[in-house]
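Residue numbers (our numbering), protein chains in the order written: chain S, 9 to 310; chain D, 9 to 310.
Every clue listed holds true.
Heads up, the list lumps identical chains together, so a pair's fine if it works in one copy or across two of them.
Derived pair list, reagent style DSS-like, types lysine-lysine, alpha-carbon separation capped at 30 Å: (1) K302 - K265; (2) K193 - K287; (3) K193 - K89; (4) K265 - K303; (5) K197 - K91; (6) K63 - K287; (7) K204 - K220; (8) K170 - K303; (9) K204 - K302; (10) K193 - K91.
I should point out that these hints are in silico values taken from the structure, not numbers from a laboratory.
Number of protein chains: 2
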Amino acid sequence: MGLLVVGSVAFDSVETPFGKAEDALGGSATFFSTSASYFTDVSLVAVVGDDFPEKHINFLKTRKIDLKGLQRTEGKTFRWKGKYGYDLNEAHTLSTELNVFESFKPKIPAEYKDAEVVFLANIDPDLQRDVLGQVKKPKIVAADTMNFWIEGKRDSLIKTLKLVDILLINDSEARQLSGEPNLVKAARKIAAYGPKTIVIKRGEHGVLMFHKESVFSAPAMPLEDVFDPTGAGDTFGGGFMGYLSSVMDWSENNMRKAIIMGSVMASFNVEDFSLNRIKNLEYSEIEARYREFKKLAHFEDI
Amino acid sequence: MGLLVVGSVAFDSVETPFGKAEDALGGSATFFSTSASYFTDVSLVAVVGDDFPEKHINFLKTRKIDLKGLQRTEGKTFRWKGKYGYDLNEAHTLSTELNVFESFKPKIPAEYKDAEVVFLANIDPDLQRDVLGQVKKPKIVAADTMNFWIEGKRDSLIKTLKLVDILLINDSEARQLSGEPNLVKAARKIAAYGPKTIVIKRGEHGVLMFHKESVFSAPAMPLEDVFDPTGAGDTFGGGFMGYLSSVMDWSENNMRKAIIMGSVMASFNVEDFSLNRIKNLEYSEIEARYREFKKLAHFEDI
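Just chain S, with the same shape it has in the complex (with noise of 0.2 Å):
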């Protein structure tokens, strides 16, 4: 079976110099699952309240996201606001409200249990492991993380990442966990915790992936109108994991495939709000954008 994800589903409200949203679908979970579903068959393990409306989850089932393991209890879904300036990179938290999420524990359905390859998204990394102890023999374990568990619980995060193949982080995340302000360094002490693989997101910058003793530098595409980043890390996830469940080739050609598919997913998730520009994609959009990367990352031999 496919991608196994855990992580939030939730609400943003989110102000850009270029318009605003209130109340769209977003959460980590969401983002990297409708990203993911254009490569491969993904499972999403989320908590949603009970206000959390009928016209979301359709959504979600017409990317043929399997939502077995989608709890709902009482209460309000997890709700998030933001607000970017002109330095899209930042985004300014301005009201959380975690709701039913503050007492999420993921509940893995049987038939996900003998997921190949599972995905942690930005939780509690208490949760993750005990995510990874309901999952019987995954092949690869990704994770994703932040700086509020990277300030508040180091220690389970530090035990977390023993179990990690792969780890997506921020650069300014990478260079709090590692205490490292060069990159190349940082990635060798994270490696050190355990993840074979560290991929450092760069927003506008691109993304840097140390695997082993290589790196691979993948440039974002330079665009005209980035309207909202929010859910971009995610988004380049999901296209990054999503293709390479569909391969099950974890070579490092197939890995660097993997995270410029990532990046074209990312990119068009930034031209609009929510998952609005991601929500109705065709394959072969996502083909010729994999093509524009081509075209914008190419030099010849001297």
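Let chain S serve as the given structure and place chain D on it in line with the hints.
For chain D alone, coordinates are given in the frame of chain S:
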């Protein structure tokens, strides 16, 4: 004949978290011409004071840089003092003593007047135009500038840009010059001032080249030890223009190779203080680093 560069020769005192250098050889024309000298014949026009030691002259001669245009006048050589924190992308200027550079009037020796390629390093845009008045009919004019002139001599700079084919500029300066936070829009606006090619230097995030309808994103080499970023931009410029001048082929493909060659030279330069690392390179080291850039950026078609 080869490449003519007009700019500054200076003493730099630099402090970084990794050490310091006092009154070391620096200046835009020095870094540029040393870097370019690995690829083509370079003629340098600049001014130094009577405190400029013979050993530096001798060094520039070992690089076969033509110094007929290096004026020596009474007084002290230009001095810059700066400091970098762990974020090596940004220099904090501690002091600038223009000294003899304050009354610099570039005088192009008769032998240089038919220069085919001219690089106007970061000097007063009035002087940049004055230089262009003294040369006959260069095939290519490239220029650099900085925030100081964008703020203080905007109108003069815009006049200079009309005469420039290739502008090399930092990302923050591109934003400042165009009034556009988005770099794609910024490049388009700057192109409307004159330059057909806009090369945006982003420090550790690499380089973007906008050339007609195409965009090229070049990575920077992720280095474990960056000792001193002083001169990286000019060293980049020297590799870029030096390589182009050596082949006199301004096709898109070749411009891209030149961008990588500039990035190669800059990646060496930051590994040590002043010009220490690029003083004495073997061409085989340059080619090997170019191949490392190839590996760094390579990914396959899907």
